[in-house]
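Chains as they are written, first to last, in numbering that gives the first Met the number 0: chain A, 0 to 104; chain B, 0 to 392.
Derived from the structure by calculation, the hints contain no laboratory data. Cβ atoms here follow ideal geometry from the backbone N, Cα and C, with glycine treated the same way. A hint or two may mislead.
To be verified - Just some of the chain A residues that point at chain B, by a computed CB distance under 8 Å:
no.: 1; residue: 5
no.: 2; residue: 11
no.: 3; residue: 15
Said to hold, decoys possible - Heads up, simulated SDA-like pairs for lysine to any residue below, C-alpha to C-alpha not over 20 Å straight-line:
no.: 4; chain 1: B; residue 1: 346; chain 2: B; residue 2: 314
no.: 5; chain 1: B; residue 1: 223; chain 2: A; residue 2: 5
no.: 6; chain 1: A; residue 1: 82; chain 2: A; residue 2: 17
no.: 7; chain 1: B; residue 1: 288; chain 2: B; residue 2: 371
no.: 8; chain 1: B; residue 1: 204; chain 2: A; residue 2: 19
no.: 9; chain 1: A; residue 1: 7; chain 2: B; residue 2: 221
no.: 10; chain 1: B; residue 1: 204; chain 2: A; residue 2: 7
no.: 11; chain 1: B; residue 1: 222; chain 2: A; residue 2: 11
no.: 12; chain 1: B; residue 1: 222; chain 2: A; residue 2: 15
no.: 13; chain 1: B; residue 1: 345; chain 2: B; residue 2: 312
no.: 14; chain 1: B; residue 1: 223; chain 2: B; residue 2: 212
no.: 15; chain 1: A; residue 1: 7; chain 2: B; residue 2: 227
no.: 16; chain 1: A; residue 1: 7; chain 2: B; residue 2: 215
no.: 17; chain 1: A; residue 1: 79; chain 2: B; residue 2: 212
no.: 18; chain 1: A; residue 1: 7; chain 2: B; residue 2: 157
no.: 19; chain 1: A; residue 1: 35; chain 2: A; residue 2: 78
no.: 20; chain 1: B; residue 1: 4; chain 2: B; residue 2: 250
no.: 21; chain 1: A; residue 1: 7; chain 2: B; residue 2: 210
no.: 22; chain 1: A; residue 1: 79; chain 2: B; residue 2: 214
no.: 23; chain 1: B; residue 1: 222; chain 2: A; residue 2: 79
no.: 24; chain 1: A; residue 1: 7; chain 2: B; residue 2: 158
no.: 25; chain 1: A; residue 1: 82; chain 2: B; residue 2: 212
no.: 26; chain 1: A; residue 1: 7; chain 2: B; residue 2: 220
no.: 27; chain 1: B; residue 1: 204; chain 2: A; residue 2: 14
no.: 28; chain 1: A; residue 1: 82; chain 2: B; residue 2: 228
no.: 29; chain 1: A; residue 1: 7; chain 2: B; residue 2: 228
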Amino acid sequence: MKRLPTWKEFPLGCVVTTPGSAVLFETGDWRSYYPKTDEDKCIACGVCWVFCPDNSRRKVPRKFKRPGAMYADYFDFNFKYCKGCGICSAECPSCAITMIEMDAK
Amino acid sequence: MTELKRIGMEVSVAISEAVRQCDADVISAYPITPQTHVVEHLAEIAAQGHLDCEFIPVESEHSALSACIGSSAVGARTFTATASQGLALMVEIMYIASALRMPIVMAVANRALSAPINIWGDHSDAMLARDTGWIQYFVENGQEAYDMTLCSFRIAEDNRVMLPITLNFDGFTLSHVIEPLVLLTDEQVREFLPPFTPVYRLDPKNPVSMGPVGIPEIYTEAKKAHDEAILASRAVIDEVWADFGKRFGRRYQAVEHYRTEGAQTLLVGMGALTESMRGAIDSLRDKGKKVGLIRLRLFRPFPHEDLRKALGDAGTVIVFDRCLSTGGPGGPVASEIRSALYNLPKKPAIVSFIGALGGRDVRTSQFAELIERGEAIAASGSIPDYEMVGVRE
Numbered sequence: 000m001k002r003l004p005t006w007k008e009f010p011l012g013c014v015v016t017t018p019g020s021a022v023l024f025e026t027g028d029w030r031s032y033y034p035k036t037d038e039d040k041c042i043a044c045g046v047c048w049v050f051c052p053d054n055s056r057r058k059v060p061r062k063f064k065r066p067g068a069m070y071a072d073y074f075d076f077n078f079k080y081c082k083g084c085g086i087c088s089a090e091c092p093s094c095a096i097t098m099i100e101m102d103a104k
Numbered sequence: 000m001t002e003l004k005r006i007g008m009e010v011s012v013a014i015s016e017a018v019r020q021c022d023a024d025v026i027s028a029y030p031i032t033p034q035t036h037v038v039e040h041l042a043e044i045a046a047q048g049h050l051d052c053e054f055i056p057v058e059s060e061h062s063a064l065s066a067c068i069g070s071s072a073v074g075a076r077t078f079t080a081t082a083s084q085g086l087a088l089m090v091e092i093m094y095i096a097s098a099l100r101m102p103i104v105m106a107v108a109n110r111a112l113s114a115p116i117n118i119w120g121d122h123s124d125a126m127l128a129r130d131t132g133w134i135q136y137f138v139e140n141g142q143e144a145y146d147m148t149l150c151s152f153r154i155a156e157d158n159r160v161m162l163p164i165t166l167n168f169d170g171f172t173l174s175h176v177i178e179p180l181v182l183l184t185d186e187q188v189r190e191f192l193p194p195f196t197p198v199y200r201l202d203p204k205n206p207v208s209m210g211p212v213g214i215p216e217i218y219t220e221a222k223k224a225h226d227e228a229i230l231a232s233r234a235v236i237d238e239v240w241a242d243f244g245k246r247f248g249r250r251y252q253a254v255e256h257y258r259t260e261g262a263q264t265l266l267v268g269m270g271a272l273t274e275s276m277r278g279a280i281d282s283l284r285d286k287g288k289k290v291g292l293i294r295l296r297l298f299r300p301f302p303h304e305d306l307r308k309a310l311g312d313a314g315t316v317i318v319f320d321r322c323l324s325t326g327g328p329g330g331p332v333a334s335e336i337r338s339a340l341y342n343l344p345k346k347p348a349i350v351s352f353i354g355a356l357g358g359r360d361v362r363t364s365q366f367a368e369l370i371e372r373g374e375a376i377a378a379s380g381s382i383p384d385y386e387m388v389g390v391r392e
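One chain only, chain B, in its complex shape (with noise of 0.2 Å):
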């Protein structure tokens, strides 16, 4: 075997290339920032012959998610990318999708919903899909959403699982970044991940019908089964995972531990920004404080139990989101969490934090800050329900 070398790559094309390597046989997407370099570059892989894909470009991203519907509906390897207002377009086939049972494949550069008009990233996009019944994870930095494109293909086609998977990358922290990283060959990639072969496909052949109507006497049955579905989609998330690890070297967990020997406060995150909350812990370490940081890898199906384990523990948990759950119990990270540890016994106290919305930036230096007010606020016995950082008053 070759020794694999660490190349420069931008995050975007790097998720291009894994498609490639994964020879996807329809891509169906609608570009918009920050999401469009990913289909520019497929569009430019398939047109180069590099691909033996069909590319359909499509008018809307309401059109591009049907048509991924009907190509996987069809047994074919099916890929889509959007962002934003795009992922909102998407969001009314995003359920019948998922609901279908088709394993289409999606990465969406995480960026905020308008208005004020904001191309910049965060995750509200993510959370309003956030109940569409697809797997969802979030990745850190352009190495892990790369491998995790390839897995996505695995997990998402296994017949154990046969459900749509989005993988969430930050905008532009990610999309537009050159990252080092080490890429599989064509031949590691074809010995990962087996052909797709669907349980039932729309064949003439063999007729079935999919989507039919579902009855009162017949729907919630329906629900219940796409809700055990996903929680069972779980063993095989982890058994791929385990099998990337065990082959390429790198490991990855639902939920990341990162120097919580001991710790007393945790401080919680999601996608690109954990890397700077990596930062903040170090230099608190130094310091002497006894800080961890919890890292959220897969947030549907939402991992409960590894939850209350790597948090129960703990004096105090600082939850940070990048989205706004207006009006709402404050970030939607945070509220998951405070349900996920309501019942136990003896529980941390929650603090939520919600920032870096539309692009803003928060600095390792700030984090720091925030993990030292968030435990201030806890020693204070008067919590509320969230608070929205770097606000101007």
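Okay, chain A solo, but in the shape it has when bound (with noise of 0.2 Å):
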């Protein structure tokens, strides 16, 4: 396990310097729903990658399947950062994307 800093190594006021270094931080593991999407009824509209909290929803380039998708991308998760949060599902306009209990698989 990486070593923690000792609070002599603390930045002064734990101000962060390194920009962008919040991908660092891997959420994933406090995930305890995934979301699972039914590429039947995904429109590929990219409403989940807009309201995806923590950035884990991601454009793949990949040609969606289905005929009369709004892009030709298609979108997944990143589970090192997905925590489950459930938001993609909630705002789904085609409730393509149902959480599913980890244990549950």
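With the hints as a guide, bring both chains together as one complex.
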């Protein structure tokens, strides 16, 4: 396990001096539910991608199979960061995302 | 050098004048009695162009201190002032200001807390903010209020400190009183106070994040670092006060002794009332009683060791608090002094009196009576946790 800093090693006021270092903080292990997309319902609108508070929804350059999709991209989950908050599922206009309890898989 | 003259000036105006001389960059405050004159006068100074600063009028004290954190974070010399309910509203942000190490200077015209609504002086507001991690001191008179304002910016902004300061001065008893004062020249202040150079600042060219989350693995160490920082600030406080004394002849210590030679009974007080207490000590000394006064100027970091030295050999210590810790162990100062002395092998009897609440006067003669009453309580061997004085039964 990585050694954590002692109190003497903290920068003044716990300031963070490395921009973008939040990516080092992997919040995926907080998750007790995970999102699952039903690709038949997904219209690739990107709402889940916009609403995800942890940027753990990501665009992947894959041709979306369903005709009439809004984007050519498909959206999947980065489980390194997904906390399982369920906002994507709540916001999805086509009810394509279901939250499933981790142990239930 | 021109001879410095004593002039008559209201204490609130003197604090504002000191802030002007310190060339504050940002002032954000919300008016509240009895602090109003400080902000009013600063607004006037700024409007007349005598101080090149951003004066940010806000809709509440919560916003005032939030604005101060923002300005301090970009490296601006920042001042605010409040009292009572205003301080209570700031408390949430006070913890953040100190933990983020923002060297804001705040003058607090100490006033009672509601209810019943009361605009007059006591130390309840300051004690509410006791654990916010700010350096805190209490001044006795107008000259000290002025001098401490000048010292505050230098202490707070010292890169070895980087902590906010509350300068407590009693509402009305000091804030609205015209006192004879000696002011420094602007040049003297410039020589005494170096420009503010922050350790970190918000700057788009060199981005940093302030106020990140502290998970359980981090939070305890962050608190420890803050605690060590405020304890270490003591050395700088002493250094700045010593330098001020050397330059301008007025010397300040964390704990002040008045006629304590051979004293068997010591009265302990804080704030403006210690002037009346001096009078009581004088009158009792005239009668041949071995009494003295210990005045607590620095409240955070709490001067444990100084107090052990000052009080450890006394027979009786009588502590007078202007604040009631309702349902608690007695006056806040008294209970901290009890803690400081508890582990000494030989310790004095400690009597806690609480009074002068919500602006009620305690006269010099009454302090003399209290000292004698405290001695009698100590001699009886049955010491109550505390006693509220002057209560109609």
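Outcome of the hint check:
{"no.": "1", "hint": "5", "verdict": "holds (7 Å)"}
{"no.": "2", "hint": "11", "verdict": "holds (5 Å)"}
{"no.": "3", "hint": "15", "verdict": "holds (4 Å)"}
{"no.": "4", "hint": "B:346 with B:314", "verdict": "holds (8 Å)"}
{"no.": "5", "hint": "B:223 with A:5", "verdict": "holds (10 Å)"}
{"no.": "6", "hint": "A:82 with A:17", "verdict": "violated (23 Å)"}
{"no.": "7", "hint": "B:288 with B:371", "verdict": "holds (10 Å)"}
{"no.": "8", "hint": "B:204 with A:19", "verdict": "holds (15 Å)"}
{"no.": "9", "hint": "A:7 with B:221", "verdict": "holds (9 Å)"}
{"no.": "10", "hint": "B:204 with A:7", "verdict": "violated (27 Å)"}
{"no.": "11", "hint": "B:222 with A:11", "verdict": "holds (12 Å)"}
{"no.": "12", "hint": "B:222 with A:15", "verdict": "holds (16 Å)"}
{"no.": "13", "hint": "B:345 with B:312", "verdict": "holds (8 Å)"}
{"no.": "14", "hint": "B:223 with B:212", "verdict": "holds (16 Å)"}
{"no.": "15", "hint": "A:7 with B:227", "verdict": "holds (9 Å)"}
{"no.": "16", "hint": "A:7 with B:215", "verdict": "holds (17 Å)"}
{"no.": "17", "hint": "A:79 with B:212", "verdict": "holds (19 Å)"}
{"no.": "18", "hint": "A:7 with B:157", "verdict": "holds (19 Å)"}
{"no.": "19", "hint": "A:35 with A:78", "verdict": "holds (11 Å)"}
{"no.": "20", "hint": "B:4 with B:250", "verdict": "holds (19 Å)"}
{"no.": "21", "hint": "A:7 with B:210", "verdict": "holds (18 Å)"}
{"no.": "22", "hint": "A:79 with B:214", "verdict": "holds (18 Å)"}
{"no.": "23", "hint": "B:222 with A:79", "verdict": "violated (29 Å)"}
{"no.": "24", "hint": "A:7 with B:158", "verdict": "holds (16 Å)"}
{"no.": "25", "hint": "A:82 with B:212", "verdict": "holds (16 Å)"}
{"no.": "26", "hint": "A:7 with B:220", "verdict": "holds (8 Å)"}
{"no.": "27", "hint": "B:204 with A:14", "verdict": "holds (16 Å)"}
{"no.": "28", "hint": "A:82 with B:228", "verdict": "violated (35 Å)"}
{"no.": "29", "hint": "A:7 with B:228", "verdict": "holds (10 Å)"}
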